[in-house]
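K.L.:
First to last, the protein sequences are chains A and B.
Positions in the first sequence are counted from 1; adding 2 to them yields this note's numbering.
Positions in the second sequence are counted from 1; adding 138 to them yields this note's numbering.
It is possible that part of the hints are untrue.
What the hints assert, rightly or not - According to the in silico footprint, chain B covers these stretches of chain A (three or more CB under 8 Å from chain B):
| hint | region |
| --- | --- |
| 1 | 126–135 |
| 2 | 159–168 |
| 3 | 177–191 |
None of these hints come from the bench; they were simulated from the model.
Quick caveat: nothing in here was measured; it's all calculated off a predicted structure.
Note that beta-carbon positions come from the ideal geometry of N, C-alpha and C, so glycine has one too.
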Amino acid sequence: MIAGDGDGVIECDVTDQDAVRRAVDEVLERFGRIDVLVNNAGITGSPAATILHETPVDEWDRVHAVNVRGPFLCSRAVLPTMIEQGAGHIITIASVAGLVAFPGRAAYTASKGAAVMLTKSIAVDYATYGVRANAVCPGMVYTPMTSWRLDQPELRERVERQIPLGRVAQPEEIAEAVALLASGRFGYMTGHPLVIDGGMSAH
Amino acid sequence: MPGRLDGKVAVVTGGGSGIGRAAAVLFSAEGAAVAVLDRVAEAAQETAETILAAGGQAIAVTADIVAADDVRAAFERVDTELGPVGVLYNNAGVNSSGSILTSTEEDWDRCMAVNVKGTYLCSAAAARSMADNGGGSIVNQGSVAALVGIANFAAYCASKGAVVALTKSMAVDLAGSGIRVNVICPGTVFTPLMRPMLAARGGGDEEKGLAMTVAKYPIGRLGTPEDIARVALFLASDDSAFMTGSVVTSDGGMTAQ
Chain A
3 MIAGDGDGVI
13 ECDVTDQDAV
23 RRAVDEVLER
33 FGRIDVLVNN
43 AGITGSPAAT
53 ILHETPVDEW
63 DRVHAVNVRG
73 PFLCSRAVLP
83 TMIEQGAGHI
93 ITIASVAGLV
103 AFPGRAAYTA
113 SKGAAVMLTK
123 SIAVDYATYG
133 VRANAVCPGM
143 VYTPMTSWRL
153 DQPELRERVE
163 RQIPLGRVAQ
173 PEEIAEAVAL
183 LASGRFGYMT
193 GHPLVIDGGM
203 SAH
Chain B
139 MPGRLDGKVA
149 VVTGGGSGIG
159 RAAAVLFSAE
169 GAAVAVLDRV
179 AEAAQETAET
189 ILAAGGQAIA
199 VTADIVAADD
209 VRAAFERVDT
219 ELGPVGVLYN
229 NAGVNSSGSI
239 LTSTEEDWDR
249 CMAVNVKGTY
259 LCSAAAARSM
269 ADNGGGSIVN
279 QGSVAALVGI
289 ANFAAYCASK
299 GAVVALTKSM
309 AVDLAGSGIR
319 VNVICPGTVF
329 TPLMRPMLAA
339 RGGGDEEKGL
349 AMTVAKYPIG
359 RLGTPEDIAR
369 VALFLASDDS
379 AFMTGSVVTS
389 DGGMTAQ
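Chain A extracted, bound-state conformation (with noise of 0.2 Å):
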């Protein structure tokens, strides 16, 4: 279901292919072009979502559709846009699981895995038409999707052990960092998995 208010809000299930292209079509019609997509919707999964054979199959499917089917589809939807410009930039917010695995996380590590990769694959298939392709891979980011866990102060202590800085990142530092990707001024980097978490994969 999509329904534009006027403020430039589109809800969009970006699972479902008919509502992403109804999405971006909504998009065309109001501004005409589309420069940059971000790829930011994504989901941890369920607690169940645990170690790879403790995983129910029906999790594993809906955080897969939701961290790879949506970056796929919604690229997929804005590319010829992007081809017909002749210049473009897909942003996809993976995560530096898809670098190195969370502990008991199996099936979100692997969607950011594949993340990453639909990343590059962009990356080398669409730099000809001039568009460019990077990811974004924070590290432990205080969001809605953490906050549970980083409200409780012995979880939080555990967390922060394991990132060199000491502290987990905000959401306007990953912000930030995307909008500066986004405004072009990185003009070479393409296909590249941009690691901002603290130090944490780095040992």
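Please arrange chain B on chain A, whose structure you already have, making use of the hints.
P.N.:
Same frame as chain A, now just chain B:
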């Protein structure tokens, strides 16, 4: 408009040419007082004068980064004349030529000395000062040669691989002192350093060597010094405050293939 490096003192090694020169000029435009460090005095001077002429603050420092005494004296001068260093861009580097079968031992030693030991010496000098002054940002120069093997570039590949590993080690060890350490892995950037290599690759024909090199980059062009300098600025500034130990490629998609 406030600059991204307002009030910061930045040291750029190899600041006399190529990426280092572009970074020194950009850092100055973003408000930093820049120490242009180069082995070649005239090159350092030329970059510093360009910055001064544009209304920025800069000093030219002649130093060979493989010599511990030179490095110590250079950082003392920076501290005295500009203040405590807040940003270090370990940009200085040299190429090598040949595989392990065809290159010389001298070539290997020189490459390792400048690219690895030079980074170590300058980082140690800067980190001591940064740790005493509330932290800072160190940006190292890696290369795509740290990530994939590049033909007839053995020593260079090994040296840049070492820089990437050193970056992660420094990131982990220095985080507690408020010092962030990240590394840029540029793809081929057209700098004066590249010309002999391009000619060699093209069998004496620089244009042919250039075309052969560009063919490896999905984006269809080589990088510019400014492409890399803008990434260095990002890593040097607080825009990247949650990044440390990151390996940032800016390679036109070369290593995504």
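K.L.:
Compare the structure with each hint and give your call.
P.N.:
Hint by hint, here is what the structure shows:
no.	hint	result
1	126–135	holds (count 4)
2	159–168	holds (count 3)
3	177–191	holds (count 8)
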